[in-house]
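**Q** So the protein sequences, as listed, match chains L and W. Using my numbering, the first residue of the first sequence is number 1, and each one after it goes up by one. Using my numbering, the first residue of the second sequence is number 272, and each one after it goes up by one.
Treat the hints as calculated values from the structure; they're not laboratory data. Beta carbons: idealized from backbone N, C-alpha and C, even for Gly. Mixed in with the good hints, there may be bad ones.
[Said to hold, decoys possible] Cβ pair distances, simulated, as ranges:
id, chain 1, residue 1, chain 2, residue 2, range
1, W, Ala311, L, His227, 34 to 40 Å
2, L, Arg207, W, Gly350, 17 to 23 Å
3, L, Asp193, W, Ser294, 54 to 60 Å
4, L, His204, W, Asp433, 35 to 41 Å
5, W, Asp433, L, Arg207, 35 to 41 Å
Listed below are the residues making up each chain.
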Amino acid sequence: MTDRWTDRLSEYVDGQLAAPEREELEAHLGTCAECSAVLEGLRVVVERARTLESAPPADDLWPAIEARLVAARSEMGAGASAGDPDTATAPPPAARRSIVPFFRPAFRFSVSLPQAAAAALLLALLSGGGVWMALRHASGVAGNGVAARPGVTGLIAATGEATTSPRTSPVIDYVAPGATNAQYAGFDPSHYDVAIAELERTMHEHRSELDTSTVRVVEQNLAIIDHAIDQARRALAADPASPYLNGHLAQQLRLKMDLLRRVTDFAGPRG
Amino acid sequence: MMFIAAAAFTLASLTTHTDTTVSVRPGTLLDISNFGGSVAVSTWNKNAVRIEADHSARTDVDLDVNEGAFKISTSSRRGPPGSVDFEITMPMWMAVSVTGPFTDVQIDGAKSGIRVETVKGEVQVVGGAGPITLSSVQGGVVLQKASGRIKVSSINEGITLDDVVGNISAETVNGDVTLSHIDSDEIDASSVSGDLAFLGALKHGGQYHFQTHSGDIQVIVPDRTNAAVTVSTFNGDFDSNCDIKLNQMKGHRNFAFTLGGGGSDLQLESFSGDILLHKGTEMVNLRDLPEVKTTFKRHTLERIRTVEREKRHKARDNQSDEDKSDDEEK
Chain L
1 MTDRWTDRLS EYVDGQLAAP EREELEAHLG TCAECSAVLE GLRVVVERAR
51 TLESAPPADD LWPAIEARLV AARSEMGAGA SAGDPDTATA PPPAARRSIV
101 PFFRPAFRFS VSLPQAAAAA LLLALLSGGG VWMALRHASG VAGNGVAARP
151 GVTGLIAATG EATTSPRTSP VIDYVAPGAT NAQYAGFDPS HYDVAIAELE
201 RTMHEHRSEL DTSTVRVVEQ NLAIIDHAID QARRALAADP ASPYLNGHLA
251 QQLRLKMDLL RRVTDFAGPR G
Chain W
272 MMFIAAAAFT LASLTTHTDT TVSVRPGTLL DISNFGGSVA VSTWNKNAVR
322 IEADHSARTD VDLDVNEGAF KISTSSRRGP PGSVDFEITM PMWMAVSVTG
372 PFTDVQIDGA KSGIRVETVK GEVQVVGGAG PITLSSVQGG VVLQKASGRI
422 KVSSINEGIT LDDVVGNISA ETVNGDVTLS HIDSDEIDAS SVSGDLAFLG
472 ALKHGGQYHF QTHSGDIQVI VPDRTNAAVT VSTFNGDFDS NCDIKLNQMK
522 GHRNFAFTLG GGGSDLQLES FSGDILLHKG TEMVNLRDLP EVKTTFKRHT
572 LERIRTVERE KRHKARDNQS DEDKSDDEEK
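One chain only, chain W, in its complex shape (with noise of 0.2 Å):
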């Protein structure tokens, strides 16, 4: 009892807690260096940055302000720092960049520009409007209520954006990318073994890129929706609700079609996986609609089929009977 009291005591006096506050000027980027542990931000309306942190007593927390930037960053006299983890509260209006291998990341309320790198940790972002660059390794990337160029990639784990306008780019080797609510009139979604989905509309103009090697598409869109639609896959199958108006068929599997008068520019590609497109209102699971999909799949593949052979046969009768009234003229 009295040696687990004194390692308590140990731990306790070797563990710090640092809390400061300090001014910045409208225009300042904030920007944060934590080798590891995590780091949380929130905003407020004041014109100044909290930093709350808790580290042990070998790693030192470093501030640095200068000529528009505020750096936070961890140092250790030996060594790599020691794990931190960091409360900060900084104006809504500052733009904000966290680096750190290992540490999670949280960022709420941002009103800003938002840059985000990690190796091993989760990135959870609400809220940041203009450029937003997140990305990591080994962790999976959530971003909501955004606006502006949005840039977000992870290696082993999903993405996903909800309630986002903007210009999107997002791509995982090993996850699913998972794209709802979205008001984009660009956007590249790319995954090897994951899952692709998507929930909003196309916009006039807008060109729309989805791409997996063995996962699977759905993208649900608007009732009205105009598009050129484009499917490639080397052994998966398409299965669609829409009314389409077959363009060309490239192969059994390679075909072009347009959705209502076209507009917006859609590919969806997927090696061996399924092509979903359907109009509605909300995600369909794939896994829950087996035997459903198989059944609309062949229907769907065998009806672009048949439209595509009366095409050629009504070709080649114009063409003949172009020939006929040629001759009979003569």
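Isolated chain L (complex conformation) (with noise of 0.2 Å):
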């Protein structure tokens, strides 16, 4: 049960209300235990909250979210059918552990005013690896023609991937396979490099758990796209308006962050 109060609990822990409203809640604590007790769990989350670090999110951490994620994509319109592998059943728990994760449950939750501050601290602490995360998400979540989420500020660029701009990055305008040239306007390289710089910097951290002739596959296969990027960037100083070379340009640094992300999440398996 909730009373109009309950909603009201975080802004006075946050110290925002107004005089005469925080008497009247003060006054209204005294004789409701329930009140009492959400106001309880609000001050410790805060107070844990005051006492941790912001860090990125541990890797781990990553497939559970996913999961979800997938799950809420399953809700809005990709339903189960019978001879599709992707959406047929529910897995056993091993199933998930697999290079890419092939079945995700559905799943629907609702939350008190405690989980939704923990949810949000969790945000706030995920916002440092966002950039990693959303990219590691973009390819395996947001199918064509796919809505952004609601809490997650997003743009549909092209045939419908969506990408996510966390606080502390620019927004990615991840550009999907198959986008016409004339898609492509308006697109900066200087997004996908803040991007592929925080996924080659996970990839090295999980070097040592991947097969050493794969990756020396990777890196042979980066060289080429890095050369293919390179004679794009160059041949559009040379045309900047051209929507053929920009759309080239796009279509290789979006390769190079699939590649970087595919590497990434097999590095699991193995270890």
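Mind docking these for me? Both chains are given alone in their own frames, and the hints should help you get the complex.
**A** The structure is reproduced here in structure tokens:
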């Protein structure tokens, strides 16, 4: 049960209530055990938040988050079909530990105010690693035609790939495979550069977890893409207005991001 | 000799052969997860899955049947599981998913959705209907006689699709993409350093996008093809035996034209490779025809430029005629 004060408790903890309201709420707390309990919970969360340092998320946070986001996508319209190995059934837990998880269980949840506060805290902690996570998530979660999720600042580029822009990072105007050159209008390569740098850092951190020949092959292919990027950039410098060259550069950058993302995805299973 | 015999005996005693058959209900998904080795899947008409596997005694084959999914996986009490060679026989109707970082995968005869994901393994699939997603990093991907929504990718090897019906996405970095006998109204094929080849018909309303950085592109279409074609290259060349009606010249290596009455959308892009659009029924080996191709390329480009020049002159003449008649009326 909630009353009219339940939703104001967070403001009270933050000292944002006007004096008359604060006094009224304090009087109410003297008679309402439920609000007192919620308030206590909120204070614990806030106190813990003060003692934590902002840090990038641990890698193993991602599968659970991704699974939830994918489940949210399923609910938005990608229903299960009998012949579709992507969506047919929920897996046993072990099945989720694969190169890229194939099965994601559908789920629903509701949150109480303290849970919402805890979720906000979690989001704040995640923000430092937001770019990396957003990019890992971009290809696996947001499919064509999927709307941006509530609570995520995003844009739907080209054929509908959702992208996120955490507070600490620029908007990544991720361009989907198959986008036409006209859809690259306003494309800014520097956004990719930031994302690619993050992914490269992550890949290097996971390097020791990968098969050595796989690392070699990945590096060879990254070099091929880098060469293509370099050539495209030079051509673009001579003809900056060319839709084809803009599109071509964006495509190479996207490929590089996808490859790096795949590497970080399959780093896990070997360990 | 004694030592070799003893070693062989020891090896034999350490190797285990698993052979078991499990009944499954229609609609059940088969989910195979194998760390290393191979997975060969074939089909039969029984509602059952037969699992044959050769593996070391230290590696277990785990079977887990639950509502809607039959999971086959490997495990070891110490460290990652060892190599396991699976031979699986499943019902034709069964959708199948195979994952394994160091696993070669072969699937033959499936009539439902297929998903394969490996890092260091070859993927060969014959059959499949519905969503088909195949990917490898260090291995090639081959798909034949399949239909549905198809997504195939590799990183360091080629992709081959033959006798395939449906929407196709094919992407690799350092390999060729070959699509032959394709019936599709949506294709998106790309590589960075590899060649792209397509043999098939372009359907009315269809969209076909071929993009490579340094590879060549060849698209072979039937005689009476209708398409709006866009060709883009930075320093490659274009070659065609088609009757081209030029629409737009955006630069000497970036132009659009119409084949027949248009109706489908064909985009051909290669940064530094050559682009060939031919009418025909067989693929052309580009490397076998360097001289003919060069001559024809020059001819084609020159013809395009001439047509463009004529269009400009004609437009100017028309304008001056209109101006004259306006003056006369006054």
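**Q** The structure should be examined with respect to each hint, and the outcome stated for every one.
**A** So, going through the hints one by one against the coordinates:
1. The supplied range of 34 to 40 Å is met by Ala311(W) and His227(L), whose beta-carbon atoms lie about 38 Å from each other.
2. Between Arg207(L) and Gly350(W) the beta carbons are some 20 Å apart, a value that agrees with the proposed interval 17 to 23 Å.
3. At about 55 Å, the beta-carbon gap between Asp193(L) and Ser294(W) stays in the expected band of 54 to 60 Å.
4. The supplied range of 35 to 41 Å is met by His204(L) and Asp433(W), whose beta-carbon atoms lie about 39 Å from each other.
5. As the Cβ distance of Asp433(W) to Arg207(L) is approximately 37 Å, the hint placing it in 35 to 41 Å holds.
Of the numbered hints listed earlier, not one is contradicted by the structure.
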